[in-house]
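K.L.:
Here is what each chain is made of, one letter per residue.
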Amino acid sequence: MSDWYRDFANSGLGTTITRQLGLPRPAELRRYEPGQPVLPGPAVVGSAGEGRLREEVTGLLRDAGVTVVSPVAADGSTDGERLAAVLLDATGLTGPADLAAAHDFLAPALKRLRPSGRVLVLADPPGETSYPAQAAARQALEGLVRSLAKELRSGSTANLVHVPLGAEGSLASPLRFFLSGRSAYVDGQVLAVTTADLPTGEDADRPLAGKVAVVTGAARGIGAAIARVLARDGAHVVAVDVPAAGEQLAEVANEVGGTAVSLDITGADAGPRLAAQLVARHGGVDVVVHNAGITRDKLLVNMDAARWNSVMAVNLQAQLDLTQALLDTEGALKPGARVVSVSSQSGIAGNRGQTNYAASKAGVIGMVRAWAPEFAERGATINAVAPGFIVTEMTAKMPLGTREVGSRLNSLQQGGLPVDVAETIAWLAQPGSAGVNGQVVRVCGQSLLGA
Amino acid sequence: MAPQTRKAAIVGGNRIPFARSNGAYARASNQDMLTATLDGLVARFGLQGQQVGEVVAGAVLKHARDFNLTRESVLGSRLSAATPAYDVQQACGTGLEAAVLVANKIALGQVESGIAGGVDTTSDAPMALNEDIRRVLLAVNNAKTLQQRLKALSGIRPGQLIPEVPRNAEPRTGLAMGDHAAITAAEWEIGREEQDELTVRSHQALAAAYDRGFFDDLVTPFLGLTRDQNLRPDTSLEKLARLKPVFGQGEGATMTAGNSTPLTDGASAVLLASDEWAAEHDLPVLAHLVDAQTAAVDYVHGGEGLLMAPAYAVPVLLARNGLTLQDFDFYEVHEAFASTVLATLKVWESPEYCKEKLGLDAPLGSIDRAKLNVHGSSLAAGHPFAATGGRIVATLAKTLHEAGPGKRGLISICAAGGQGVVAILES
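Listed in order, the protein sequences are those of chains A and B. Taking numbering that gives the first Met the number 0, the leading residue of the first sequence gets 0, the next gets one more, and so forth. Taking numbering that gives the first Met the number 0, the leading residue of the second sequence gets 0, the next gets one more, and so forth.
Derived from the structure by calculation, the hints contain no laboratory data. Among the hints, a few may not be true.
No more than 25 angstroms apart at the CA atoms, straight line, and that leaves these computed lysine to any residue pairs for SDA-like [what the hints assert, rightly or not]:
#, chain 1, residue 1, chain 2, residue 2
1, A, K396, A, Q412
2, A, K333, B, K6
3, A, K396, B, K406
4, A, K297, A, V404
5, B, K6, A, A279
6, B, K406, B, L222
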């Protein structure tokens with residue numbers, strides 16, 4: 000499943016050929032490994048207007064062990080080596096005129112950006128002002144960041160975080176995520192944080208230590224990757240999959256030191272059964288990852304009821320029923336629980352032949368947004384991740400042409416890996432991510448589809 | 000100093016689906032299957048890297064290389080390498096006997112937890128060298144000079160190339176187990192139709208149990224097999240009636256390939272523990288192993304059927320526990336052959352047999368057939384000899400647990416050599 004084209008494009012001869020022919024030059028992405036610093040080099044923090052986050056962000060970066068250097072001068076000089084991250088505090092925007100400052104800060108800094116660099120823009124939500132000029136300026140940032148993400152090369156990404164007044168404390172966790180290798184395949188995204196009670200004293204290398212995490216569809220592919228990453232981050236993983244997948248499921252559970260539960264999640268009593276076991280065996284659950292999903296592709300006119308119904312049952316109804324059962328069972332969802340649902344790019348952009356699948360995955364987004372306020376009241380969160388083109392056993396079976404084109408139609412010019420989805424989920428599962436709720440995070444390398 | 004005894008808890012079990020001989024597991028060894036079964040158990044109960052008190056298992060058909068089968072399987076599994084293990088073998092009683100051995104050590108406080116299991120393959124069966132050539136090769140090996148060696152080698156003859164293949168026959172009678180069972184079936188006038196009825200019920204009950212997810216936490220698929228290969232949910236009296244008898248002779252022959260168990264490959268394991276150990280590990284207690292009994296009969300000269308030993312063991316067990324045969328909510332009578340189950344139930348109803356053979360004042364009486372093998376048994380699942388005991392213990396323990404506290408079940412397993420192992424479980 001290695002990316003032969005990426006490897007070729009990065010070889011000596013491949014570099015020459017792809018440059019001369021103007022072919023895509025996918026980079027080897029910087030991915031997280033335990034013990035790795037948040038950034039491999041210094042960061043620079045600038046502002047557009049009189050913002051309120053620059054001091055806060057500089058402090059967070061220093062706490063995370065990041066060297067913060069002075070903004071790059073107009074002539075391109077700086078007081079440090081090449082930059083690993085460029086952060087812009089845009090909370091001071093009052094109108095479109097202030098955006099010039101963003102340009103002035105970013106342009107020279109981006110010339111100094113290292114491969115797999117990070118651009119992160121922090122702003123107020125456009126909806127939280129009554130001044131049209133201010134809302135316009137804030138909204139303008141989305142166009143700026145999304146375009147910038149498309150201009151960046153060598154595995155660098157650009158993302159935007161909306162930080163409403165009072166939610167500054169919620170910024171630490173997204174900040175670390177977006178700067179680190181965990182967000183390798185998250186590009187061109189807009190995330191909103193909210194005010195939340197935040198825990199203290201989290202172990203950065205094992206943020207899920209002592210937590211119990213249940214992962215559905217854990218026997219293979221993305222689910223197995225999620226189990227591995229959650230376990231690496233310290234969680235005891237309860238790996239769930241259909242009874243027929245029990246052999247691989249046991250292997251995954253044994254690999255991560257977890258527990259295997261063979262269960263058809265579409266069964267009538269599946270939710271209560273799992274909830275009861277989680278209470279009895281594990282004293283409840285901290286992290287729930289709804290990953291199980293199936294595809295039964297056909298054009299709508301040719302689709303029989305069985306294809307429609309089975310996809311709905313596994314991909315959407317089971318998520319609703321299982322979540323409801325956990326909410327209803329005393330002690331099943333521990334305080335500060337984290338629910339993460341796997342949606343899909345198809346659920347956002349639609350996909351020919353996938354009316355059933357796309358409907359189910361769009362439904363997941365509706366579910367997450369509707370449940371978010373109730374979860375917030377419990378000090379819990381519920382979010383969705385929407386993977387784009389992820390290289391799995393399934394995509395390995397696609398015809399070469401379809402696969403190559405599919406995997407290049409994004410700003411990073413390559414398919415993501417299951418671990419990229421898993422890292423995003425593990426981040427949302429962290430206690431420190433309490434201020435990220437009701438969000439849909441796309442792990443798609445800024446796919447052209449549904450952007 | 001012997002501490003006060005306690006009843007061992009059955010925490011749960013795991014088995015791989017049973018495969019027909021030369022079927023899905025044709026290339027799997029006993030060690031492969033037992034290791035996979037242990038790993039499935041480890042995954043289900045989160046025992047990775049943990050040490051349990053002891054792992055006890057065995058196989059009936061064993062290669063010479065399998066001398067330390069269970070320990071080797073433990074070393075290949077995800078259990079701690081510091082987990083001791085030993086092999087046992089009591090023919091088809093192996094699995095249940097292993098569970099009794101572990102339970103007894105738990106009862107005595109010698110271990111806090113243990114795994115009992117069994118495995119058998121009739122596909123990857125051991126073949127021995129022909130006895131003649133074995134002697135020649137031993138002589139060659141012992142020879143000191145080249146001359147002696149050549150002389151010894153000259154004893155080799157083409158006929159010696161025919162290997163010795165294990166046979167499913169009693170060494171002392173030369174009769175296949177099925178032939179023995181057929182003698183008993185004829186003696187007790189066990190009809191073809193009632194055997195076929197029991198067979199259909201076994202298949203239907205096992206299929207229904209799979210369908211409702213009963214085996215979700217008892218079985219882990221292996222080598223692509225997700226359900227027992229022998230299971231025929233759609234079998235019927237009509238289909239079974241078409242089969243020709245394979246055991247017994249003449250018009251009175253009733254035993255077919257349908258109402259007899261086929262040669263089977265598979266493995267099973269059961270996790271037992273003290274209540275305290277189970278609680279410390281947040282693991283459930285499905286049932287307790289209350290008591291067990293073995294018996295043996297002289298089927299060679301004593302005029303008793305080869306597979307009738309459980310009929311003798313059960314009354315001893317009942318008397319010791321102050322119970323009658325009717326004091327059970329579930330019965331698990333191993334279906335080596337449908338006729339064996341029916342003959343066993345029939346002798347317990349016979350005043351003469353119970354008086355003369357079992358020395359009882361009154362017959363044990365009949366049982367409610369609705370409580371018999373409610374989730375299917377060996378006729379449907381198949382019967383990998385040493386693995387059957389573990390299958391039954393785990394199945395019955397879960398059955399009792401589902402039925403609620405205070406339920407009682409009886410296990411009866413007949414074995415080659417005229418032996419029987421029986422046990423009582425209680426939820």
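K.L.:
Are the Cα positions of K396 of chain A and K406 of chain B separated by 25 angstroms at most?
P.N.:
52 angstroms, violated
K.L.:
With the threshold set at 25 angstroms, check whether the alpha-carbon distance from K297 of chain A to V404 of chain A stays at or below it.
P.N.:
Roughly 21 angstroms between the alpha carbons, so the hint for K297 of chain A and V404 of chain A holds.
K.L.:
Quick one, are K333 of chain A and K6 of chain B close enough, alpha carbons at most 25 angstroms?
P.N.:
It is violated: about 34 angstroms lies between the C-alpha atoms, which goes past 25 angstroms.
K.L.:
Going straight from one Cα to the other, do K406 of chain B and L222 of chain B come out at no more than 25 angstroms?
P.N.:
Violated - the C-alpha atoms of L222 of chain B and K406 of chain B are around 36 angstroms apart, more than 25 angstroms.
K.L.:
Take the C-alpha atoms of K6 of chain B and A279 of chain A, compute the straight-line distance between them, and say whether it is at most 25 angstroms.
P.N.:
With Cα atoms ~22 angstroms apart, K6 of chain B and A279 of chain A stay inside 25 angstroms; holds.
K.L.:
Is it true that the CA of K396 of chain A sits at most 25 angstroms from the CA of Q412 of chain A?
P.N.:
Satisfied, since the Cα-Cα distance of roughly 20 angstroms is no more than 25 angstroms.
Checked against the numbered hints given earlier, the structure breaks hints 2, 3, 6 and satisfies all the rest.
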